[in-house]
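Peer 1: Listed here are the chains, written in short residue letters.
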Amino acid sequence: MAQVDRQHWDVVVVGAGGAGLRAAIEARERGARTAVICKSLFGKAHTVMAEGGIAASMGNVNEGDNWQVHFRDTMRGGKFLNQWRMAELHAKEAPDRVWELETWGALFDRTPDGRISQRNFGGHEYPRLAHVGDRTGLELIRTLQQKIVQLQQQDFKEFGDYEARLKVFQECTVTRVLKDGEKVSGTFCYERESGRFFVLEAPAVVLATGGIGKSFKTTSNSWEYTGDGHALALLAGAPLLNMEFVQFHPTGMVWPPSVKGILVTESVRGDGGVLRNSDGKRFMFDYVPDVFKEKYAETEAEADRWYDDPDHNRRPPELLPRDEVARAINAEVKAGRGSPHGGVFLDVSTRMPAEKIKRRLPSMYHQFKELADVDITAEPMEVGPTCHYVMGGVAVDSDTAATVGVPGLYAAGEVAGGMHGSNRLGGNSLSDLLVFGRRAGLHAAEHAARATVRPAVDDGQIDAAAAEALAPFHAEDGAENPYTLHQELQQTMNDLVGIIRREGEMQQALGKLRALRVRAARAGVEGHRQFNPGWHLALDLRNMLLVSECVAKAALERTESRGGHTREDCPAMERDWRPVNLVCHPVDPAPADPAADRIRLVRQRTEPIRPDLLALFEKEELVKYLAEEELYE
Amino acid sequence: MTTYDARFRIWRGDADGGELRDFTVEVHDGEVVLDIVHRLQATQAADLAVRWNCKAGKCGSCSAEINGRPRLMCMTRMSTFSREETITVTPLRAFPVVRDLVTDVSFNYAKAREVPAFVPPQGLAPGEYRMQQVDVDRSQEFRKCIECFLCQDTCHVVRDHEENKAAFAGPRFLMRVAELDMHPLDAAEAEGLDRKRTAQEDHGLGYCNITKCCTEVCPEGIKITDNALIPLKERAVDRKYDPLVWLGSKISRRRD
Ligand SMILES: Cc1cc2nc3c(=O)[nH]c(=O)nc-3n(C[C@H](O)[C@H](O)[C@H](O)COP(=O)(O)OP(=O)(O)OC[C@H]3O[C@@H](n4cnc5c(N)ncnc54)[C@H](O)[C@@H]3O)c2cc1C
Ligand code: SF4
Ligand code: SF4
Ligand code: FES
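Chains as they are written, first to last, in numbering that gives the first Met the number 0: chain A, 0 to 632; chain B, 0 to 255.
No lab work stands behind these hints: they were computed from the structure. All C-beta atoms in this analysis are idealised placements derived from N, C-alpha and C, irrespective of residue type, glycine included. It is possible that part of the hints are untrue.
[As the list claims (entries may be wrong)] For lysine-lysine, the following BS3-like pairs were computed, each having C-alpha atoms within a straight-line distance of at most 30 Å:
1. B:110 with A:368
2. A:368 with B:211
3. B:110 with A:355
4. B:164 with A:357
5. A:259 with A:182
6. A:357 with B:222
7. A:156 with A:259
8. B:143 with A:355
9. B:222 with B:164
10. B:164 with A:355
11. B:222 with A:368
12. A:368 with B:164
13. A:333 with A:280
14. B:164 with A:156
15. B:211 with A:259
16. A:156 with B:110
[What the hints assert, rightly or not] Some, not all, of what chain A presents toward chain B, calculated at C-beta under 10 Å:
17. 115
18. 294
19. 298
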């Protein structure tokens with residue numbers, strides 16, 4: 000048997016982004032001894048990169064805002080596929096979660112009367128995003144990090160040990176969730192620095208691992224986004240929901256090549272930036288879809304007036320939900336009206352004085368100046384779509400964040416599915432992290448407290464996990480280079496299951512994924528286990544391949560276009576598909592043959608939307624979204 | 000697009016020792032040093048250890064010394080070097096090496112824990128906080144910090160003086176003390192915690208002789224010395240030696 004260190008905790012949180020840290024704080028404050036484990040250094044999770052803001056209907060800038068309006072915007076943005084109870088909880092609880100951050104030391108930008116300032120963003124009816132310049136994610140993560148330190152200082156006072164009840168295992172990776180029968184019993188982990196294996200035993204595990212963008216070539220996401228939590232859930236037997244919905248953010252950098260995909264925040268448009276094609280035309284006016292016609296300006300003059308007088312003018316079409324803007328840019332480039340490097344122009348230089356740009360968008364100014372030699376106060380940026388966010392994710396119970404069928408396993412944040420339906424509005428992720436991170440921590444702690452008998456960790460599972468993790472060191476001759484495999488996977492997903500999808504291409508993608516799985520089974524690495532990125536990547540490949548299979552299968556199945564899923568061969572949004580969830584189950588037992596499918600796709604009817612929530616919408620609007628039979632229910 | 004071969008010397012090794020190794024590697028238009036390190040991983044040295052995350056100067060992971068100067072690898076453009084130049088990349092010198100370009104930065108996390116946290120004001124419920132932008136500006140500047148620890152690496156107080164590490168928090172965490180001290184609603188004082196005094200007595204402010212080297216390397220352009228350390232020093236001195244100034248400052252602070 001493999002010799003591994005074992006520790007006992009009440010709750011293990013996998014991930015130290017906004018969702019994981021908020022879950023850990025809650026679990027610890029509810030009395031659970033809590034371990035947090037993350038792949039990067041503490042304070043460097045993906046959340047740190049978020050720029051624009053946190054959506055919460057505090058009504059500080061426009062008093063008309065309230066949770067009902069936020070709920071409506073969220074459902075519209077997600078094209079009504081959202082797990083409505085999540086959208087409801089999210090809209091109701093987000094303001095409290097933001098205010099709470101202030102009591103932990105956060106310093107948001109202020110309104111003239113001293114409240115938290117809120118900015119406009121795509122799809123949000125009122126200025127709603129609490130922000131700090133364009134570095135909101137940094138403020139969020141640092142505040143949560145410092146709150147954790149504060150709790151540790153308490154423990155130091157009480158027990159003489161900072162880590163008595165809350166410990167962060169940084170630069171460690173979880174490769175398996177362990178189980179006792181159907182229940183969670185802990186996690187199998189390795190330390191990146193030494194390669195040493197260890198086991199955290201716990202009756203409750205919260206997955207807060209973020210997204211999947213590293214399976215795509217052009218992405219705003221970092222190396223961490225290999226879909227680990229999605230894969231860990233599947234491998235533990237918990238299904239994923241609606242994985243076909245991947246958000247391509249309309250504005251990523253397109254030049255130089257080495258920075259292609261890096262995000263250009265939506266705040267640029269929220270604060271007045273406009274999109275133009277090579278003819279100098281503000282093309283978004285041509286791309287307002289029917290469902291949104293009444294809400295968006297028809298002329299440039301009206302759109303420009305909106306910034307100062309939003310009550311009497313309609314908003315500029317640059318602020319349509321992201322899926323619409325991304326498709327429009329794609330279409331302009333395809334029609335030959337793109338910018339020199341294959342994007343379109345995003346301009347603030349003619350819209351605001353240089354000083355204001357530098358104050359409101361400091362990191363964008365810096366980013367373009369340093370990385371592209373472009374001064375955004377003097378010239379337009381070139382931008383194009385980039386893979387940004389996954390709406391699909393682990394299926395969860397709305398109230399408790401519990402996964403389906405695996406007692407003790409919870410999921411929150413980007414890794415969880417449902418909340419955003421087919422498309423997420425900007426700013427709704429950071430608030431999602433806080434609302435559902437807290438709920439996951441709370442329910443995990445309660446679950447752990449109820450577990451009078453701790454689930455046992457099975458030695459056989461530890462041995463199997465260790466053998467799986469060591470396999471890349473024992474690859475035979477002709478071993479595959481994990482970097483090459485990764486590049487091919489990214490190219491495949493980008494080209495064949497990307498922003499615009501076609502049936503034939505997705506079938507081709509599934510074939511390629513099969514071939515890649517076979518080759519990945521032979522992935523090999525040199526060197527030893529100490530901080531070895533080649534080895535780490537070889538292990539991440541399992542997760543990326545599994546998640547990519549889910550995305551491709553679900554995308555092939557859904558024969559309509561909705562939100563982040565666009566089918567050239569099925570261009571319309573079909574009302575009949577509104578009440579349909581596509582659920583990915585793991586093939587059980589996992590097939591030994593790497594060429595065999597790992598995923599079984601099941602169609603599931605969504606729970607009917609509660610009548611009082613439906614009543615928040617006009618009948619005429621519902622008719623555009625809901626399936627025929629739903630209208631009569 | 001233009002492409003050329005660049006010469007790199009990269010430190011490889013671990014806690015037991017190591018050496019500079021030479022590489023010749025392709026460079027494309029617009030690339031940064033981190034791109035080159037990644038290309039080396041993918042083509043010549045799969046196990047070359049390096050930290051990074053955002054590749055956009057936002058997370059502070061990719062700190063290293065490039066030609067001896069502490070920098071972020073993801074924000075150092077190759078176009079800032081001549082094509083003939085050999086570019087040397089070494090790990091941060093002030094911290095123990097783990098492997099290759101990765102160092103053990105736990106010193107910083109230990110220091111972070113020694114700074115008492117924000118103290119919320121009594122009697123203000125969540126949602127009732129009111130602060131003016133001008134009053135949060137100062138602390139916000141310090142909260143731009145991405146914890147790259149380049150300032151910690153460069154400060155001569157600890158750079159070659161392991162023995163000072165126990166007593167000295169370093170610019171990043173002295174700045175954290177200043178940040179909390181300037182937070183308009185921090186209630187530390189009401190709880191009997193004098194942050195300025197702790198800067199001097201617990202975090203080693205006295206070691207700093209305002210050379211400004213930390214400010215020079217900060218990728219966020221934070222004026223660490225001028226805006227955080229010097230004000231902290233001035234007031235710490237006031238308080239230590241002049242009880243009247245101390246009293247006065249206390250009274251004048253109770254404005255609204
Ligand atoms: C550039 C950019 C800008 C954005 N701007 C905004 C914005 O303005 N507003 C908004 O609402 N949203 C924004 N988003 C989206 C939002 O930032 C993310 O969706 C969100 O931060 C995800 O948070 P999380 O807590 O779910 O995961 P993350 O913050 O990504 O954290 C995931 C954690 O899980 C850990 N982890 C992963 N796998 C493992 C494993 N196997 N073992 C151990 N640990 C693991 C990672 O190390 C990390 O600590 C932006 C995203 C990007 C990329
Ligand atoms: S100014 Fe002070 S903290 Fe900064 S480098 Fe010099 S001595 Fe160190
Ligand atoms: S103050 Fe500047 S140099 Fe120091 S850690 Fe923060 S960002 Fe880095
Ligand atoms: S990789 Fe994030 S700062 Fe360089």
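Peer 1: Work down the list of hints and note, for each, if the structure agrees.
Peer 2: Verification of the supplied hints:
1. B:110 with A:368: violated, 33 Å
2. A:368 with B:211: holds, 25 Å
3. B:110 with A:355: violated, 36 Å
4. B:164 with A:357: Violated, at about 37 Å.
5. A:259 with A:182: violated, 43 Å
6. A:357 with B:222: holds, 17 Å
7. A:156 with A:259: violated, 48 Å
8. B:143 with A:355: Satisfied, since the Cα-Cα distance of roughly 18 Å is no more than 30 Å.
9. B:222 with B:164: Distance of about 23 Å is within 30 Å: holds.
10. B:164 with A:355: Violated: residue 164 of chain B and residue 355 of chain A sit about 42 Å apart, past 30 Å.
11. B:222 with A:368: holds, 20 Å
12. A:368 with B:164: Not satisfied, since the Cα-Cα distance of roughly 36 Å exceeds 30 Å.
13. A:333 with A:280: holds, 16 Å
14. B:164 with A:156: Holds - the C-alpha atoms of residue 156 of chain A and residue 164 of chain B are around 23 Å apart, at most 30 Å.
15. B:211 with A:259: Cα-Cα ~35 Å, so violated.
16. A:156 with B:110: holds, 16 Å
17. 115: holds, 8 Å
18. 294: Given a least distance of 30 Å, the restraint on residue 294 of chain A is violated.
19. 298: violated, 34 Å
When held up to the earlier numbered hints, the structure conflicts with 1, 3, 4, 5, 7, 10, 12, 15, 18 and 19 and fits the remainder.
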